[in-house]
Amino acid sequence: AQKITQTQPGMFVQEKEAVTLDCTYDTSDPSYGLFWYKQPSSGEMIFLIYQGSYDQQNATEGRYSLNFQKARKSANLVISASQLGDSAMYFCAMRVINTGTASKLTFGTGTRLQVTL
Amino acid sequence: DVKVTQSSRYLVKRTGEKVFLECVQDMDHENMFWYRQDPGLGLRLIYFSYDVKMKEKGDIPEGYSVSREKKERFSLILESASTNQTSMYLCASSRRQGRNKLFFGSGTQLSVL
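Chains as they are written, first to last, in this note's numbering: chain L, 980 to 1096; chain P, 781 to 893.
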């Protein structure tokens, strides 16, 4: 079975600073994808970034980057130059490919990020 | 704008009632999912569907059933609502191929009294 672990229930960061949100995963399947989603207080789930298990380079999307360390099974999200609008819940998720019928995402428990002035 | 639409943002029901949560997507996605979100537990998969009339149990299917009669619509049914089913319910859809990125609805906050 697949498992995602987010050990930081809450984090604080000052505006304009960088912050790292931790995510570790567990799977025996060699082919998988890792996702990060943001959930502001409005409740919508916003896709941020994706990393495939065979991707040679760490994924980046604007101020978001994914620090992918395959041997350690970690996929930490790095947000550079934090903004007040980054305050939200952040979820790490994993999809194991080649599961047959449909590829479902398994989510972690989330990290609530608060950006302060 | 592509969309996943959930019929209600807030719903209050009584214990024992039959509850229907509706979800519609306009992206012609093959896969549709129902998750529930609880504080400290993250998102947990209830049921998913990879084609019309096809469904599979997720991690917490007990007390729920689903229906997918049309490709764009996926319904979650609580046969006899109980207080422990008070939760935020999120519907999502994805393509069968590619990264299978999930597109989410805005959620339904269900309270069972």
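One or more hints might be untrue.
[To be verified] Dumping the calculated EDC-like pairs for lysine to aspartate or glutamate here, alpha-carbon to alpha-carbon at most 20 Å:
hint	chain 1	residue 1	chain 2	residue 2
1	L	K982	P	D806
2	P	K881	L	E996
3	P	K783	L	E1023
4	P	K881	L	E994
[As the list claims (entries may be wrong)] The following label-pair restraints were derived from C-beta to C-beta distances:
hint	chain 1	residue 1	chain 2	residue 2	range
5	P	R789	L	F1026	14 to 24 Å
6	P	K833	L	E1040	30 to 40 Å
7	L	T1095	P	G878	34 to 44 Å
8	L	T984	P	S886	34 to 44 Å
9	P	M868	L	G1064	16 to 26 Å
10	L	R1051	P	K833	38 to 48 Å
11	L	F991	P	D808	34 to 44 Å
[Said to hold, decoys possible] To give an idea of the interface, some chain P residues facing chain L are shown, with a C-beta separation under 7 Å as derived from the structure:
hint	residue
12	Y790
13	L791
14	V792
15	L825
16	R879
17	G887
What the hints contain is simulated information worked out from the structure, not anything from laboratory work.
Since this is a predicted model, take the numbers as computed values, not measurements.
Where is the CB? At the ideal position from N, CA and C, for every residue including glycine.
Problem set entry | Holds or violated: K783 of chain P to E1023 of chain L, with C-alpha atoms at most 20 Å apart | holds (12 Å)
Problem set entry | Given hint G887 of chain P near chain L, where the shortest CB pair must fall under 7 Å | holds (5 Å)
Exercise. At the C-beta level, are R789 of chain P and F1026 of chain L separated by a distance inside 14 to 24 Å?
Worked result: Given about 21 Å between the Cβ atoms, the range holds.
Exercise. That 34 to 44 Å hint for F991 of chain L and D808 of chain P (C-beta), does it hold up?
Worked result: Since F991 of chain L and D808 of chain P have Cβ atoms about 42 Å apart, the given range 34 to 44 Å holds.
Exercise. Within 20 Å, alpha carbon to alpha carbon, are K881 of chain P and E996 of chain L?
Worked result: violated (29 Å)
Exercise. Is the hint on Y790 of chain P kept, meaning its closest Cβ partner in chain L is under 7 Å away?
Worked result: Violated. Min distance 11 Å.
Exercise. Holds or violated: 30 to 40 Å for the Cβ distance of K833 of chain P and E1040 of chain L?
Worked result: holds (37 Å)
For this session: Hold the hint about L825 of chain P up to the distance rule: shortest CB distance to chain L must be less than 7 Å.
Result: holds (6 Å)
Problem set entry | V792 of chain P as an interface hint toward chain L, with CB separation required under 7 Å | Violated: closest Cβ of chain L sits about 17 Å from V792 of chain P, beyond 7 Å.
Exercise. Holds or violated: K982 of chain L with D806 of chain P, Cα cutoff 20 Å?
Worked result: Violated, because 31 Å separates the two Cα atoms, which is more than 20 Å.
Exercise. Does the Cβ pair T984 of chain L, S886 of chain P satisfy 34 to 44 Å?
Worked result: violated (27 Å)
Exercise. Has the hinted range 16 to 26 Å been met by the Cβ atoms of M868 of chain P and G1064 of chain L?
Worked result: Cβ of M868 of chain P to Cβ of G1064 of chain L: about 22 Å, so the range 16 to 26 Å holds.
Going through the hint list in order, the structure does not satisfy hints 1, 2, 4, 8, 12, 13 and 14.
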